Structure formats: structure tokens, C-alpha cells
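Participant: Residue numbers (the working numbering), protein chains in the order written: chain C, 4 to 361; chain E, 4 to 361; chain B, 5 to 399; chain W, 5 to 399.
Note that these hints are calculated values from the structure, not bench results.
There could be a bad hint or two in this list.
[Claimed, not checked] Simulated crosslink set (DSSO-like; lysine-lysine; CA at most 27 Å straight-line):
id, chain 1, residue 1, chain 2, residue 2
1, B, K57, B, K118
2, W, K119, W, K283
3, B, K276, B, K118
4, B, K283, W, K276
5, W, K118, W, K276
6, W, K119, W, K231
7, B, K231, B, K119
8, W, K57, W, K119
9, B, K119, B, K240
10, B, K211, C, K247
11, B, K283, W, K283
12, W, K211, W, K118
13, W, K283, B, K276
14, E, K247, W, K118
15, W, K118, W, K57
[Stated by the list, open to error] Pairwise CB distance ranges (calculated):
id, chain 1, residue 1, chain 2, residue 2, range
16, B, R56, C, D38, 37 to 45 Å
17, C, R254, B, L322, 24 to 32 Å
18, W, R56, E, A205, 33 to 41 Å
19, C, D38, B, P68, 40 to 48 Å
20, C, R254, B, G362, 58 to 66 Å
21, B, A48, E, G173, 27 to 35 Å
22, C, D38, B, G282, 32 to 40 Å
23, E, G173, W, P139, 37 to 45 Å
24, E, D135, B, E252, 42 to 50 Å
25, C, R254, B, S40, 45 to 53 Å
26, E, D135, W, E216, 45 to 53 Å
As the structure is a computational prediction, the values presented were derived from the model and not from experiment.
Each residue gets a CB set at the ideal place from its N, CA and C atoms; glycine is no exception.
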Amino acid sequence: MYFALTDEQRDLGRTVRDYLADRFGPEQVRAVYEDAAGDGHPAELWKACAEQGWLAVTVPEQYDGLGLGLLDLAVIARAWGASTIPGPWLPTVLGGEAIRIAGSPEQQAEWLPKVAAGEVVLSIATRREGGDWTAAGAACTESGGTLSGTAAQVEYAAVADAFVTATADGRLWLVEAAAPGVTVVRTGGLDRTTRLATVTFADSPATLLGDDLDSLYGAAMVLTANDLVGIARSALTRTVAYDKEREQFGRPVGSFQAIKHALADLHVAVSMAEHGALYAAYALDSGQPDAVQAVHVAKSKASDVARDATAAMIQYLGGIGYTWEHDAHFAFKRAKREEYAYGDGAWHKEKLAQLLLA
Amino acid sequence: MYFALTDEQRDLGRTVRDYLADRFGPEQVRAVYEDAAGDGHPAELWKACAEQGWLAVTVPEQYDGLGLGLLDLAVIARAWGASTIPGPWLPTVLGGEAIRIAGSPEQQAEWLPKVAAGEVVLSIATRREGGDWTAAGAACTESGGTLSGTAAQVEYAAVADAFVTATADGRLWLVEAAAPGVTVVRTGGLDRTTRLATVTFADSPATLLGDDLDSLYGAAMVLTANDLVGIARSALTRTVAYDKEREQFGRPVGSFQAIKHALADLHVAVSMAEHGALYAAYALDSGQPDAVQAVHVAKSKASDVARDATAAMIQYLGGIGYTWEHDAHFAFKRAKREEYAYGDGAWHKEKLAQLLLA
Amino acid sequence: MDLSYNAEDEQFRSELRGWLEANIPREWSRPGFWSSLDREEAFALRRDWEARKAEAGWAGISWPTEYGGRGGTPAQKAIYDEETVRASVPYTVNPLGLTFLAPSVMVFGTEEQKKTIIPDLLFNRVIWCQGFSEPGAGSDLAALSTRAEDQGDHWLVNGQKVWTTNAMHGDWIFTLVRTNPDAPRHAGISMLLIDMHAEGVEARPLKQMSGESEFGEVFFTDVRVPKSSILGPVDKGWEVAMVLLSFERGSSAMGQYTGFRRELDQVAALAKGRERFGKPAAEDPQLRQKLGASLVELELLKLHSLHILTAVEQGRELGFEASMTKLQWSEAHQDLGELFLDVAELSGQETTGEDFAGLDPLQHSALWSRSETIWGGSSQVQRNVVAERVLGLPR
Amino acid sequence: MDLSYNAEDEQFRSELRGWLEANIPREWSRPGFWSSLDREEAFALRRDWEARKAEAGWAGISWPTEYGGRGGTPAQKAIYDEETVRASVPYTVNPLGLTFLAPSVMVFGTEEQKKTIIPDLLFNRVIWCQGFSEPGAGSDLAALSTRAEDQGDHWLVNGQKVWTTNAMHGDWIFTLVRTNPDAPRHAGISMLLIDMHAEGVEARPLKQMSGESEFGEVFFTDVRVPKSSILGPVDKGWEVAMVLLSFERGSSAMGQYTGFRRELDQVAALAKGRERFGKPAAEDPQLRQKLGASLVELELLKLHSLHILTAVEQGRELGFEASMTKLQWSEAHQDLGELFLDVAELSGQETTGEDFAGLDPLQHSALWSRSETIWGGSSQVQRNVVAERVLGLPR
């Protein structure tokens, strides 16, 4: 019985963080941030993802992957969140997961080696604006093997090679970006550490993967939760560091008890969110009976705590945290977007109430 | 344009508070509190209510009343809450309001002079356990001028001379306690500053008053809100006073910033709740167009703030506030009961959403 | 309690409303009009408008007539705040000058200062900035280090100010500077009035997380300031500043209320129009709770404003209620911003425009509200004030 | 991560479960059984049960075998906590003795103390109280003023303790007393072991707002305490107490989790059964949110317990995580109490019984939870610890 990362997982986390510190630090993030019209997909970072195997984590070994689990991906997602890293790593990994979970051996053989090698960018285009993205209102309708519909807030659609989308019966489909009838219209985002677009399919030829939208969403919720706890922990750590140094009224701001207590409460909440985000990954990996509950607990807490921790960072950094020049708003805005992605705290609490009252 | 009590209203408040300080202080409250089996209806206090005109405030002058408004009653209700005063003042006043609002001149002439003189105790028995007490699920059904049904959590039912109850069509009825088929079964209450009972009517002869359940509830919500802000202000004041004196770690507890900030936030919230509770009374009195909104604002805020202020009192008094011997729990429990009486914060916020979205 | 205004005040309201209706360009209330303008264009339009308004006699509402004001009652000032916001009049371009400097000059100014500064403010000919905060002196204002050396016939000013509203449009700045570095913290500070077009004064925009630059930084490098350009006595600038800041105290928050209440209506309309899980967002019970909660806090802000107004009219001592007002409006507005984001959900995260940086006014407001609990005394500072000055809790 | 227990631990669980099933009277899990007993009756039943349990070898789970314990792993202790709560075994009557005193005696005790105190605790023959808090020393424990004067062959103790759990059932009390009034605050304190049946010791019940008396007060008037009846060195009682309190640190909150989780299930069942506005309360979206939120915090408490357990098993330094555990469980439990009251609404405000004072277990729990954020280090004290000791924020 142990509730902790393995040494290998700790090493993985360290490797990712070391790489980011050396090669994709705040300056590189800012370059993407300032270039709102750019594709937000730094080539060097992508190359590193491929070389380091960060795109291959859950790809089975027979398809040139590492054959590891969601918990290993979660380690990377946390590091990603902590440094507000841009790029299509998450949607590509999720696209790969869709193929791994729902695809046929042939489809896996065709796509997964390319995912692992960083040869394709994938994205998830299942969310119809205003619809019930979890099922009945999914983006597309099917007719004779072609799909039609519009998906909103699709991450990195402009650089994607293929989209995973869904029909209302819960089946997952793969549509290549180059297929007829596929239109990508970029929109901007408050959070410039990602890129968004609206993707329209009009009688676009599609390949059926299979019918496990729920499993895909489980992975998406867990990885987003881990990105969020990465953001939250990093925001708290930065706030604590700043408030230890920043003096007002002749003493460090962090010595004022009202701030101390707020930060202490956040530390408890962030620590709990970390537990929840890791456990949910483990629970899905190992098929625990409470896996569904674990996912909702994780995303609910992570959404709430990342919002609170980044808001506290803005407040307790004082004016400086509100400036464009300071990186605090990268985290604040990323947390806000991810709070809503794949269900916000209230949505997941309602799901938990359903489980509890069942 | 002035948003404040008149000098006369301030004087009234001072008179009530002075009387209570002199004649019905903490010892007298505690005596009622400890005597859980007693009727909770101290004779001397009741006599004072009658002599001082506190039961006659809104009774028209032609019926031996003072012909004043809800705002004047609100002044008394605040003092009542501040000192957690027991006794059937509020239900009797509300019963009188029901007769004043909905009764015929004959009914008013029969009952209101007795209400003003303290010769009768009335109570409100409109709430069916689990029902929609605001209308469709009201306590009683009518058949040939007699009523049947059960009302829960009826205040001071055991000493009441008559009950105001309602039928699902929103009509108000008066049933005398001595009427056939009326059964009163006392229950205990966590809040021993009031007395509760379940009242059953079985084909009990009843007198129709009229059809203004909503107005009665408006008055009930406003007066309860004022009782609640009285509790809240008093709880805050006591906490501040205690924390100024109580020393730990060589300094007053109230000098610790985390406690200071919590108390400052409460002061803002309590002040806002006071504004809201007074304005709602004025708005009903003067028929302001936003009177309904004002009532919901008042009861919502008062419910929330009294709960928070009394909980803070328990916490910031330290262990002593949790003891039976300290009076803090009188306020804590009274606030809790009144939070739910006539709709809690969430219920009133939903009503406000309805108004906003209409 | 009587919330009806007297006949004179109602007369004032109806005249004002009539004038506003006749004079505000219709297009101003068209949704998106203001955000369609570029910043400079918008500023120029607002500046001109205020001058015209002043010429028509609708400026300096509560200022004494001897200074060219209308000598209006506090109630009239509140009516003015309410009606102008209601009529979609843009916020003044000269808030610091009008709220803080003008009344301070009436108290501390020389005859010469009164004669020049006040009329220029009334007709909006000079835009004033406030130079208080510094990188090392935020909540702890008295830690300021900008220095003014006495050079006999002038002060020589060196230092930096930050969080300066309107820095890029400012003509003059009232500035706290250290004139006696050896005195205790609060002594040895003076309030200088500095021409921002003078040599050695440099203003730079300070971009906020919204992408806008509501604030700026002002750098002073060997700036020569005439000895006469001081408000109040030398080394008494702290006292002058405290009085100056107190002029916010009696100001009602009716303007904020009216503006935020309109935002809430917009959020409610958005909730009705936006589909979520196949139903209008307005049917989501959690959002309904938050809509209700927001309405509660805003209506209470309004009542608090009426309470302040009454106290001012009755000549009662206000004490530190301004801290309560600030806490109530800034926290309620921040919650309203969060509510908007919750209603808009993921689609509220999208921006528009060719540069992908265009913000919807409610998006901007939601971001801006994050600064409102920091500037003008952070919520933490306000809570200290309420705890110590109002509740009397020990320091 | 691997949450499966090893074969040995699973074996332990199944043996324990089997023994519990065979030995716990069936009626104990009948709803209302415990509240139907009077307090003394219930206490006697629990005391006897624990002795029986010890005789069967189910006591001192994690104590070394040399002291008569089972020498079990931390995981086994957690399994024990979980299974006993699950099986509706009542909470121990000797919590202070078992959690704090026993391990402290193992560290600081003389051979004589080890030989007498530990077996008596194992078989529950002696109920121990803790005498730390005083009316003037709550959060600030070092302000204590109970004095022990050295009378050559004995200590003469005078003073008062408060918030003493089990005061009315206690046989002995481990007490912090001031043995050197001239030393600095934290020095000059010693830990005496005092027979509560000795002359001059008086225990009085202290009634709480629930109407129950979980706590008491203990008065010492010229109590003669043998010189040998001290734990650790003279004047080093503060250090002894710190080590003693640290034994809570590694203890998992699995017991709390299991108990609170059961309460949540009861609240959920109540919500399904209770009608509100003509519909089950369970359909109220606000209550659903709160039910979901409560489940979140309790499940995270469980995971935190597993995290602590892992750290203990791996021999890692725990630091001040106990403060986090306390904050999480006490605040979550208080919120659960509020949730119960919200679900029960006005009918949850009713009490029963001939004396109108009978509390439903969930009512009692809701009131009791108000004390949980105060005793054992208030939430404020815990936040100080987390801020200063964990985050390293300056004092």
C-alpha cells in the first residue's frame, strides 16, 4: 500500500521540469503569449516532446510507445500547468487516447506511432456550443459515413492534422483536417497559452473509432485537473516567495496574519487537490471501483483551487501581479479557461450528488 | 430624502433596549432557556409589551393601536433579536397583521383591540411539513367552513388563543385554539428562546379572513430579518468586546489580523444587512415598487449574516463560547432557526433570480 | 425614512435628464460604440463632451458657487451620478482632479492656485494625475522615496511614480515627494504640483493584464519645480494627502451602483440568451443563485449609498465608512465579474478582432475588477481600517 | 501508487473483521441504540468492551510487542481505525491515554512507569485525562498558571484545568504545571501524573451548548503529588508536551473519514426521504451542490490519510502535516453539520424527548463540530503553523 508517485514517476517529473527550466522558460512562454496571431505551437518544444517520449507515454509499446499510464501523463500535465506551457501536447495526447481506447488495431497501428513520434497533431472537437457536450448534444451528426456539425473552442485546431469528434450516440470519429468540408476559423482567447478555433464539418468523410466518449472525457478531465493543480501549486509558491521578500510598513507582506492564513488555507486546498488529481489518474489506470467518483472529485477541486490560488496571487502580489509584464496573468487566465473545460466545479459536484444519491 | 430612522423611532428603540436591560436581561432569558418544559411566555414581559404599546404598533388608532408601520415594528424586532428575547410577541404581532391586512372591519374590531392590549396570544400555523408553505402546499384544506390539516413548527402554539392558517388558494383563516378538533403537540427546539408545536386541525370551525397570504409573509420575512440583524449585530459587538480584552500570547486576541479582518468583513456585512432589513420594512410600508425585491434582499442577507456572525462568535470566543453557561449559543441557535423560518438565503436568492430574469 | 427627493432635487433631476437627452449623441448608447473607437479617439470625445457639459452648467455640481460650481446638495450630486451613468455618459476623464484635487485646493490652495486650478478643472482644460504610489510604496504610502531638494528658487525632483491613472493624458500631477529625508516617515513629505510637460518628466504606459493601459508610470529626472508650486505647507504633505483622500469619504457609490446594476442586467440577458446543455443558462440553478446573490449585494450597495448621503446631508461625522463602501463595491463587482465568466463559460474565454485581442466590455470589466480590490487602498488595507478605526480593535 | 494492501495486512483485516462480527452485539448497530442509553450506562458498556477487545489481542495495534502491543504496521493501524468505525464500534473511552500518554511513556517513562501505565492502558483499567488548557491558557498553552511547589518529598499542586475530556470518568491525569515560576514562559513547566482520586482534586462537568458534558474542569487544591509522579525531567515539561502532541501527527484520519462518510450517507438518505416544497429535498439543486462538495472534501481527507500513512510507512519526516489534517477534517465536518441542518431545515431544529432536550445524533454532531475547530489547536493556530512551519512565511 502506498499513495505516492514511484521513483520513476518522480524522475519523469524532474526531467520535464528541468527541460522546461532550461529550454522553455518564461521568456519562451511570453514569446508565444505576445504573438497572439501565431500558431502557438513552438517547433523546438514539439521536437523535445517527441524526442523525450512525452507524446508516447500511454501509446502501447508495440506502437513505439512507452506503454505507461495516465498517472505518468498526469506528471507531465502538472509540469505543463506549473509553467503555463503552450502547444498542442494535451489535445494530441487526448486524441491518441481516443484512438487507443476506442480504435481498431488497424487504426491504432496507423495513428499511434505517428502520435508517439510527434508526426501528427490531433485535437478534440466534440463540444457543440451550448450543447450537452457529454453526450446527447455532441458536435456532429452522421449521415452515410460523413459528419456534419460545428465544434466550438477546439484547441490548436489550426495546426491539427486530424480531429476526434463525437456523435450523439457517444461514438467517436476521426476526421482529417484536410478532408472535404472541414473549416477551421480561429478565435482569440483570453488565455493565450492556448489557441482556439471553431471547427465546422460539412459532410466530411470520417472514420469511426468506437463508442467510448466517456473514457475519453475521463482522461481529459483527469489531465486537465492535473494541469490545474500544477497551475495552483505554482501560483501559491510564487505568491509565498514574493510575499516573503516584499516589504510594506517595514515588514514582509507575508508576515501579515490575514495573508498568512489565506495562504495556509490555499496550501491545504492545493495539497488536497494534488491528492485528488493523482488518485483519479491512478483510479482510471487501475480500474478502481470508485474511478468515476474520483474523476469528479479531482476536476471539481482542481477547478476551484486553481481559480482561488491564481486570484489570490493577483491580489497578494499587489499591483505588480495585475500588469501585463508580470507572468501572473498567464496562470490566472489559463486556470480560468481550464476551470470551464470539461466541466466546472459546480458541474462536477452535481455529478457527485448523483452518485451519492443513487 | 433621508435613509434613516426618525428620532421617534430611535427613541422607541432606546426605550425597548432600556426596558430589556433593566427588566429582562440575560438572567431572565436564561431562566426561560433552562426551563425547557415551561411555556416560554414570561408574564411580566408580556405585561410590559402591552403597557408599552409594543403589541399595538401597527394596530390602527381606531382599534386602540398606535397606527404606526412595519418600520416601527422592525425597531422592536431588532432589539428582540439582539437580546434573544423569548415570548410570543412576534407571532401575535403577525397574527394581528393578518387580521389588519385581510380581515373585515368586524373582525378587526373584535380582535385588534385585544391584540393591542395583550389580551390574546396569536400564532401563525400556515406551514405544512414538507409542503410549499408559500401557497399550494399550505397547511389546511377547507370543507364547509371547517379546516383540516397539520401545521408544523408553530411558535408558541401551546399558549395561543387563536391561529392564523391558510388554504392552498392563499386565503387566510382564523381558528380559535379552543375550537373542536384543534390539537397542539409540543416539540422541543434547539433554540429554546422560542417554543414550537405541531398543530392539527380536524374539521375545526374557522373564520375566513381574506386572501392575502403573501402580505402576511412579507411582514413575517421583514420582521424575522430584523430580528436576525439584531442577533448579528449583537453577536459581532460581543465578539469584538471579548477579543479586545482576552489575551493570548501576550496580546489581545482581537489584535491578530486574521481575526480583525474576519470581524471587519462581518461589520460590513452586518451593516449592509441592517440597511436591507430597514429598507424592506419601509418599502412595504410605503408601497415602493421594489418592495418585493427588497423583502427578498433583506431576508436573504439577514439569514446569511446572522448565521455567519454567530458562528464567528462561537469560534472567536474560543472554548468559552461553546459552553452552556455562556449565552453565545442562545444567539447561535436562534439565528439558525430563523435562518430557515420564512425561507433561507438560498430560497430568497432564487426568488430574486426570478425577478431579475423576468 | 423617506426616500422621495424634495421638489428642488426632483426639479434638478428633470432638468439634468432633459439636458442629457438633448445633448448626448444617440450612438453613444449603441452597444459596442465605445469599444469600437480607438483609445485616443474615445478620450478626445470624452474630453470634449465634459467641456461642453461644463459650459452648459453641469459641472462642479456640489462645488460652492464662488468657485463656479452649482452649489448643489449631496442629494443632487447623487442624482447627478445616477442620471449620468443611466444616460450612458462616459466616466470623467479627470477623476483625480475633480474628486480629490479641486476640494483640496479649496481648503489648502493659495488665491492664485484657486483662481487657476479650479476653473481649469471645471472646464476640463487641464487633466490632472495623482502621483502617490511608488514601486516600493503601495499600501504603505509613507514609504515613498521620490525626493525634492530645495535648490533655493526651485525644487529639484527625482524619483518614480507608478499606478498613475491617465498618465499618458495628464497635463499636471499632484505628487507626494520627500522634502526632508531626515524627518520621520510621515513628516518631511510635501505635496508638489508638477507640470507633466516640463523637462525631465516622462510618462510611460503600464499595460495591464487586460491588455489595456489604464495606468502609467511617471519618471522624474532632475525636474525643476517652482517653489510656489506646492499645495499646503512644506513638509506637511502627509496631512494634506489625508485630507485630500478624505474627500472620497462622503462620496456616494450611486454611480458605481448604477453602472454595476446595468452590468448585472446584461449578464442576466446573456444568461437568458445563451444555451447551455441544451437549455438557457438562465435555468441553471447555480447561476440563478449567483444572480440572486449579486442582486442582493448591489441593492445593499445602493442602500449604503443612501445611508452615506443621508449622513452627509444631516452633517453627521462619517468616520471611516468610505472603507466599508469601497469593500462593498469592489468585492461585489469582482463577484459580478466572476458571475459573468461563469455564465459565459468557455465561450466567454474567446476574444475577437483581427489581433485576437478584442475584449467584450464585460470581459474587460471582469478583468478590471481584479484591480479594484488593490488600488485606492487594497481590501486588506480597508479591512484594517474598519477593524481598527470603526470596531476599535487593537493594532 | 498502489492502494492494494499486502497479503499480511489483508489477513489482518479479515481476522479483525471476523472477530468484530463475532463479538459486537448486534443491537449496537441499531439506529438510536447508543442515544437510548444514559451516559453512564453507555460509558460502562464501552469501557468493558475495550477491555474484552484487549484480552482478545485487539489493542495497542501499532505498539511494540515488548509493551504488549501487536507491533502492527501503520497500514494495520489504519485498517483497524477503518474497520472498527465501519463495524460501529464506539469510540474509545481512553483517547488521550492511548494516543498521547502511552507512546510518551515509552519515550520518557521510567521503567516503573512503563510497567504500570502501559498495561493498564492496554486493558483500559485506568482512564487518563489530559490537563493542559486553563481558563487563561487556551491557544496560548504556555501561559498556564497551575503551580506545583517542591515540598521536598512531594509537589504541592494548586490551580485549575479546563476542557478536560472525560473529566468525570478520569482516574489519572497527565498535567502541565509550572514548577519554576521565575523561569521564562516555556521553561519551568513540568508534566505531572496525578491521581484524580487523590485529596484536593475535584472534577466538575462542563456543559456544552449541545447540553452534553463531553468536557469538564479539574480543580487542584493543595494536592500532594509524589516526586516520582513526573514524566520526563523537572522543568522540561514543555519539551515533553511537544513530543507528546507530535504523536497525533502520524496518525491517519481514516477513522474520522469513515465516520463522517457514514454521516454524509445518512444526510443523503435524509434528503431523499424528506419532502420540501412538495418534492424530495434531494432534488434541491443547492443541497445537491453541498452534498457534492461534502463528498469532495471527505474523499480528499481519505486520500490525505493515505498520503500520511505512506509517509509514515516510508519513514519520511512528516513535519507539520498534522495541522493540515486537522484543518481538513474539522472544517469539512463543520460544513457537513451545516449541510445536515440545511437538509433538515426547520424540522431539524426540533428536539425530542420528555425534557424536550433529546438530540438526534446528527444534530449533536452538527453542534459538536463547532467545537472541533477550537479544541486541539484552533483553526487559527493551525493556519499559523501551516503558514510559518510549512510555507516558511515570516512570523
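Participant: Next step is simple, just say for each hint if it's right about the structure.
Facilitator: Verification of the supplied hints:
| no. | hint | verdict |
| --- | --- | --- |
| 1 | K57(B) x K118(B) | holds (21 Å) |
| 2 | K119(W) x K283(W) | violated (62 Å) |
| 3 | K276(B) x K118(B) | violated (52 Å) |
| 4 | K283(B) x K276(W) | holds (26 Å) |
| 5 | K118(W) x K276(W) | violated (52 Å) |
| 6 | K119(W) x K231(W) | holds (18 Å) |
| 7 | K231(B) x K119(B) | holds (18 Å) |
| 8 | K57(W) x K119(W) | holds (20 Å) |
| 9 | K119(B) x K240(B) | holds (22 Å) |
| 10 | K211(B) x K247(C) | holds (26 Å) |
| 11 | K283(B) x K283(W) | holds (22 Å) |
| 12 | K211(W) x K118(W) | violated (35 Å) |
| 13 | K283(W) x K276(B) | holds (26 Å) |
| 14 | K247(E) x K118(W) | violated (46 Å) |
| 15 | K118(W) x K57(W) | holds (21 Å) |
| 16 | R56(B) x D38(C): 37 to 45 Å | holds (42 Å) |
| 17 | R254(C) x L322(B): 24 to 32 Å | holds (31 Å) |
| 18 | R56(W) x A205(E): 33 to 41 Å | violated (53 Å) |
| 19 | D38(C) x P68(B): 40 to 48 Å | violated (55 Å) |
| 20 | R254(C) x G362(B): 58 to 66 Å | violated (43 Å) |
| 21 | A48(B) x G173(E): 27 to 35 Å | violated (60 Å) |
| 22 | D38(C) x G282(B): 32 to 40 Å | holds (37 Å) |
| 23 | G173(E) x P139(W): 37 to 45 Å | violated (56 Å) |
| 24 | D135(E) x E252(B): 42 to 50 Å | holds (47 Å) |
| 25 | R254(C) x S40(B): 45 to 53 Å | holds (48 Å) |
| 26 | D135(E) x E216(W): 45 to 53 Å | violated (36 Å) |
Of the hints listed earlier, those the structure fails to meet are numbers 2, 3, 5, 12, 14, 18, 19, 20, 21, 23 and 26, in rising order.
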